Amino acid sequence: MFAELWNNVHTKTPLIHAITNYVTVNDCANALLACGASPIMADDVGEVAEITALCAGTVLNIGTLNQRTIEAMHLAAETANRLEHPLVLDPVGVGASVLRTQTAEALLAKHRFTVIRGNASEIKTLALGSGNTQGVDASLADQITEANLPQAIAFIRAFSQKTGAIIAVSGAIDIVSDAEHSFSIKNGHAAMSKITGTGCMSSCLMAAYLAANLQQPLLATAAATVLMGLAGEYAAKISTATGSMHCHILDALSYIDAEKLEVGAKIEED
Amino acid sequence: MFAELWNNVHTKTPLIHAITNYVTVNDCANALLACGASPIMADDVGEVAEITALCAGTVLNIGTLNQRTIEAMHLAAETANRLEHPLVLDPVGVGASVLRTQTAEALLAKHRFTVIRGNASEIKTLALGSGNTQGVDASLADQITEANLPQAIAFIRAFSQKTGAIIAVSGAIDIVSDAEHSFSIKNGHAAMSKITGTGCMSSCLMAAYLAANLQQPLLATAAATVLMGLAGEYAAKISTATGSMHCHILDALSYIDAEKLEVGAKIEED
Amino acid sequence: MFAELWNNVHTKTPLIHAITNYVTVNDCANALLACGASPIMADDVGEVAEITALCAGTVLNIGTLNQRTIEAMHLAAETANRLEHPLVLDPVGVGASVLRTQTAEALLAKHRFTVIRGNASEIKTLALGSGNTQGVDASLADQITEANLPQAIAFIRAFSQKTGAIIAVSGAIDIVSDAEHSFSIKNGHAAMSKITGTGCMSSCLMAAYLAANLQQPLLATAAATVLMGLAGEYAAKISTATGSMHCHILDALSYIDAEKLEVGAKIEED
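These protein sequences, in sequence, are chains D, E and W. Quick note on numbering: our numbering labels position 217 of the first sequence as 1270, and the sequence is numbered without any gaps. Quick note on numbering: our numbering labels position 16 of the second sequence as 1069, and the sequence is numbered without any gaps. Quick note on numbering: our numbering labels position 199 of the third sequence as 1252, and the sequence is numbered without any gaps.
Hint data in this document are derived by calculation from the structure and do not stem from the laboratory. There could be a bad hint or two in this list.
Since the list gives no way to pick one copy over another, a pair counts as held whenever it fits inside one copy or between any two copies.
[As the list claims (entries may be wrong)] Okay, derived cross-link-like pairs now, DSSO-like style, lysine-lysine, Cα gap no bigger than 27 Å in a straight line:
hint	residue 1	residue 2
1	K1247	K1313
2	K1247	K1065
3	K1247	K1290
4	K1239	K1313
5	K1313	K1290
6	K1290	K1163
7	K1290	K1215
These numbers come from a predicted model, not from an experiment.
Modelling step: build the complete structure from the supplied sequences, incorporating the hints.
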């Protein structure tokens, strides 16, 4: 199943447009190259519409947003919607400021997103208008566990129903769900949370997988989630600490082939 | 002594707000995670006050400053002061342009900084209104050596007296001083100067240590200085050249535990 | 030949000003340090003229350009021209948007560049006003091969004649040429194209080599091209995949000494 999706990314080399924060933008570009796609970053209103149109998929990430880039995000989203290109929202730190919350809400109100990917606190904030966001990491109270998995899935499905987007929630257990079908994914490693950018990279991988697999958006989102998690598992095995972990995650994203992705997936349909 | 400070960072996981240059911002975020803290970067005036208020400490770094971020820095500083949160200034390249010098001077004139951290040229420029800044690295003439250590300490104490801030000067010998007590620290390795961002990371570590150790700002600043230097020493032992050094410094920041910090410190009170 | 150029960089430690994209700016700074130069990044119109004047060479890279930085680029270029400092243009993704194309054309129309460095698609776009730009990577149709090398060189010489700049084209075969003399360089490794920033770093190395070797701009550009290619070769030998390749390229840039550069060069004058 995932092997085919992997092959499509590597055959089509989709060009992905990311308007993303300057903290992890280099990792995003390298993750896209490593997974078989190609990145372009552009955030000036004078060019975003053209760049989005040139690309096969777009990611909007609101970390380090500003007035100038917010305007660019709306223009990119409008273009992606008009051309029916996959569009991913990564609402980094939503809830940490009114600006982030209002920006994410305005983006959701005006445009159709193919996928919304965030940690549990970010998704909860978007869904409830509140949440418990502490900076850019999920608060402990919001973590998805085996115990609250059924409730979490019901909650996520309702949010998918409301937005029309696939919802991808990162955490110890990752959930990828639309309004009817849900996957829980247990790939990944705790050490990933000690490196900035694993969420941002994951959103970019999703855009690449969506762009190369237009007919199967839910599976494409799940495949990208598995890929990121597997990369963390591989990296954790050979890393001393966070610096080498960072390096090895990027190694693993290019090292994991179709078969490794297929065999390594720890995924269940719920 | 330092073991306790280390434990406080790891127990409290302080959230640190950095308005910092886009050259080394990824290293700053990863250094904060590696040392046990948590980073958030935000530089739009529409959200900085909220983000600063949410955080336990703030770093203002003037590398790649612009008119938009200068305004954000003032707002963040004002908020940190009002809430009595630790506030660190890293005057990268001050003296290299009138804009950097005037910005640093205006920040110092309007706000109280807990720590000002820079290389010898940067601190000299701030203290004398002149200095000998050559880009972002300290000029040779400004280096602190065994020979000029007593004069350097007297100079730094006077600047601390004037500003009310702890002064941290990076170099072959690091000095951490307030108006009355001074530490000279001989941790570190010459190869650190061949990697961009060791100074910026050091300022972030200081904010984390200050935020988790509010009652002991001078010791917290010294501990962060020792941690950065020790990380450089560990990294230099196993690195081929600058690329792996970069990676291993981040490894070491998470690898160094309370005991290693305590035992590894090469610090003297002057 | 190249040993002398290498020595001049390491003896003079030229300070290089880069206005460059935020995707690969950290790699650019670390590449400059690794090759023996020193970086400073600054993009606010309030300081770029001073920073350019303080530096020995300047790089303008139009990846992630915006209205604010475009203005800064013109000011930096004007200053570099007035002081007769080496000036390098890296037209990242020119042709991918009207904004990038018009910005590159305006920069070329108003200022004298010492070197223009891009991939084949970017150079073709600049020379013909069209091209075949797909994002930031060269399209297959534009690649320089053994078969089309003579035509490529004739084309590049004509563009050099028209602009007065040395033209450096990156690809499987790199070309460095002015209107009369051309070098083809076969250093490098295919894996370099799977890491973002090798082109941007190469432009920065060129600025460093030009600044330290003012009398020999063509050879300086060739030496920087060889250095980047050799770094890729060294790195590819010991790298598992793209994450470690990234790290090892920076290692190699500092590891390659004068002799290794001299001996490793696979260069022919055409």
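Report task. Just pull the numbers of the violated hints for me, sorted ascending. Result -> 6 and 7
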